[in-house]
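There are 2 protein chains.
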Amino acid sequence: MGTLPPVSQGAPLEDIDTPALIVELEAFERNLERLQSAMRGSGARVRPHAKSHKCVEIARRQIKAGAVGICCQKVSEAEAFVDGGIRDVLITNEIVGPAKVRRLAQLAQRARVGVCVDDARNVTELSRAANAAGVVLDVLVEINVGGNRCGVAPGDDAVQLALAVKNAPFLRFGGLHAYHGSAQHLRGMGERRAASQAAAAHARATRDALARYDIACETITGGGTGTCFFDCGSRVYNEVQPGSYIFMDADYLRNEWQHLPMFEPSLYVLTSVMSTCTPGRVVVDAGLKALSVDSGMPIVRGSAGHVYSNPSDEHGIITPGPDVPPPGLRDKLKLLPGHCDPTVNLYDHIVAVRAGRAEAVWPIAARGAVW
Amino acid sequence: MGTLPPVSQGAPLEDIDTPALIVELEAFERNLERLQSAMRGSGARVRPHAKSHKCVEIARRQIKAGAVGICCQKVSEAEAFVDGGIRDVLITNEIVGPAKVRRLAQLAQRARVGVCVDDARNVTELSRAANAAGVVLDVLVEINVGGNRCGVAPGDDAVQLALAVKNAPFLRFGGLHAYHGSAQHLRGMGERRAASQAAAAHARATRDALARYDIACETITGGGTGTCFFDCGSRVYNEVQPGSYIFMDADYLRNEWQHLPMFEPSLYVLTSVMSTCTPGRVVVDAGLKALSVDSGMPIVRGSAGHVYSNPSDEHGIITPGPDVPPPGLRDKLKLLPGHCDPTVNLYDHIVAVRAGRAEAVWPIAARGAVW
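Top to bottom, those sequences are chains A and B.
Its first residue numbered 1, the first sequence is counted upward by one per residue in this note's numbering.
Its first residue numbered 1001, the second sequence is counted upward by one per residue in this note's numbering.
Extracted from the complex, chain A is given alone in its bound form (with noise of 0.2 angstroms):
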């Protein structure tokens, strides 16, 4: 099963069969670099979120870069990694029911491995899987600093939760989950800056109460590209998980970002037009099942001002921009999705594209894997 890759390692551009995801290394590699330089001297280890890319190659080349593992969401997805040869994982995200946590705790037999918890009644299970694969599991607890999905309430819940954790035999207590999702795309600098404030307060306020517990964190990890900057900043975070940088999106491009280490578009859904019978639009071969528009319509690269519109399952609309000629038939465009990580999970492969060649294509191992 899965997919042939769209093009041959060395062939151009022009040779790639659409709809293909095409990342460009040019611009992958300074965000690479980016980051990384930002957070040199930050007091920050950075654990880039594998979730976005779901690709083995491109976790090497992180941790290649400095990065010291990566996270995952998903046991699935970890295990994608862990068999691509990634050693150190750290799911950010609650793994609830037998199976799903004993599979972790195999895992954890070949490769570092931290997860997340929000329950004590996870904790119990998580404790006996990992006796019975004969591990020890680091388990973070997660608190919500106002992104209002998974985790215990800051202060007495983590801490009453945390003293389970330290208190369950086969599991070492890793630290705090303080990440906040949906202020990664608050669109004012400020507005980001407050959100990560809250957060970084809120976690400080755990940290300190688990002291008087004589209780260390080793790990109070955050930060997602749109506020890994800030959350820095805070001096409470140590570990930052960031995974859109390397490719960018249209909705994170909407973000104001002023001084900050800017990041570049890299990733992009190459079309075709196929059709070209009435005036004034054009039919693209990219539809819903090519890029996901949860997060609004992709941007057409270039600056002709050509606008996709009415994704339906297998075509996208595309209206030429004014005082330009329309796309031909058989014309490729590039496509910057609305938002790089649902659109990627569509891909088995991705074309690393240099300078109009694919110098490589990557599987992306972790497409599907979604539990």
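Bear in mind the hints are in silico, worked out from the structure with no lab data behind them.
Keep in mind the model is a prediction, meaning the values are calculated, not measured.
Where a beta carbon is used, it is the ideal one built from N, C-alpha and C, also for glycine.
Watch out, some of these pointers could steer you wrong.
[What the hints assert, rightly or not] For each label pair, taking beta carbons as the anchor points, the in silico distance ranges come out as: (1) A/ALA216 x B/PRO1325: 34 to 42 angstroms; (2) B/GLY1305 x A/ARG121: 19 to 27 angstroms; (3) B/ARG1121 x A/GLY305: 24 to 32 angstroms.
[Stated by the list, open to error] Short, incomplete list of chain A residues facing chain B, as computed with Cβ under 7 angstroms: (4) THR3; (5) PRO19; (6) VAL96; (7) GLY97; (8) ALA99; (9) ARG149; (10) CYS150; (11) ASP208; (12) ALA290; (13) ASP294; (14) MET297; (15) ILE299; (16) ASP313; (17) ASN345.
Fit chain B to the supplied structure of chain A, relying on the hints for placement.
This is chain B only, laid out in the frame that chain A set:
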């Protein structure tokens, strides 16, 4: 590559790891039969669209129920079905560019393959590719009957293109593709009927114009799940291509159906509650990578009134219904997707459930087959 099946054959529903795609066979089989029995005596053949399910086993069952073959949208999709033993595939789409056209012609060495055109340049490249592969391709002229996507204008433009097909060696003119995509989801019965009648009028006029050149239309095809009963009533269409009818989805259920044979929801994403920290909501493990929200949020199955919202990549929020206890940690819920096609395309397997047990696990062989 590809993910593991989420359950073993014969296991109870509770053992299916989540998120997972399931089809309830009782409803699925009633939908299969309802379409076939409604079409009997209508004069129209049934050729269901396989873009909705991408699953060879489902195509086999459709053909066993009386379908004459299947429709696909992409060459790679058609390849997956021919590899699985399906012998009659109509690609209801334009296939443009040398790589795709070559593979299309090669596929016709192994099965009966039809394709649509809306451009004379494409006719030329198809004919050359058919020659190179030693095959004759069935070619339908796509006309724009109101969907404003692909397709030449009905009438003279269509006649000119049909003549080009007739005159091209290695191509056989197969008729008209007169599918009105955007009509399928018009909510009111009256609106859908009117759109269908307008489409049929375009198809009829084009058929009659072709007859003046002594060109017969072996096939005039259209008719998705939303309009196929109206389209048949016109006596112009002699083939219909509904896809979603086997599964239904939340968006199709918002259509008005009245006396029409009512298809039932059969497709769900099974999800588990993974976090219950905050009163008034719980978190489930199915987000944007487990279901497509392009046509709105999934509906939580059952009458408890639970509401799904706030999908992020790997999470969703359930607000419990009034007057019922909230779902508990590890509880499983069935989510009826907003849009079945792009949701199915996220999974490698579909678990076929009967009476609460996994009767079979079917590979979704054409998952990700976007080119």
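Comparing the hints with the structure gives:
Judged by the Cβ atoms, the range 34 to 42 angstroms given for A/ALA216 and B/PRO1325 holds: they are separated by roughly 39 angstroms. The hint said 19 to 27 angstroms for the Cβ distance between B/GLY1305 and A/ARG121, and at roughly 26 angstroms that hint holds. Checking the proposed 24 to 32 angstroms range against B/ARG1121 and A/GLY305 shows it holds: the Cβ atoms sit about 26 angstroms from each other. The restraint placing A/THR3 at the interface with chain B holds, with a minimum CB-CB distance near 5 angstroms, inside the 7 angstroms limit.
Contact between A/PRO19 and chain B, as hinted, is supported at the beta carbon level, the nearest pair being about 5 angstroms apart and thus within 7 angstroms. With a cut of 7 angstroms, the hint placing A/VAL96 at the interface with chain B holds, because the nearest CB-to-CB distance is about 5 angstroms. Here the hint on A/GLY97 is kept, as its CB sits about 5 angstroms from the closest CB of chain B, short of 7 angstroms. Look at A/ALA99: its Cβ gets to within about 5 angstroms of chain B, closer than 7 angstroms, so that hint holds up.
With a cut of 7 angstroms, the hint placing A/ARG149 at the interface with chain B holds, because the nearest CB-to-CB distance is about 6 angstroms. Given the 7 angstroms rule on beta carbons, the hint for A/CYS150 holds: about 4 angstroms separates it from the nearest Cβ of chain B. Violation of the interface hint for A/ASP208 is found here, the shortest Cβ-Cβ separation to chain B being roughly 21 angstroms, above the 7 angstroms cut-off. Because the smallest distance between the Cβ of A/ALA290 and any Cβ of chain B comes to about 5 angstroms, under 7 angstroms, the interface hint for this residue holds.
Among the interface hints, the one on A/ASP294 holds; its C-beta lies about 5 angstroms from the nearest C-beta in chain B, closer than the 7 angstroms criterion. Of the supplied interface hints, the one on A/MET297 is violated, with its beta-carbon coming no nearer than about 11 angstroms to a beta-carbon of chain B, more than 7 angstroms. With a least beta-carbon distance of about 17 angstroms to chain B, the hint placing A/ILE299 at the interface is violated under the 7 angstroms criterion. Because the smallest distance between the Cβ of A/ASP313 and any Cβ of chain B comes to about 5 angstroms, under 7 angstroms, the interface hint for this residue holds.
Interface restraint check for A/ASN345: the shortest CB-CB distance to chain B comes to about 5 angstroms, inside 7 angstroms, so the restraint holds.
Checked against the numbered hints given earlier, the structure breaks hints 11, 14 and 15 and satisfies all the rest.
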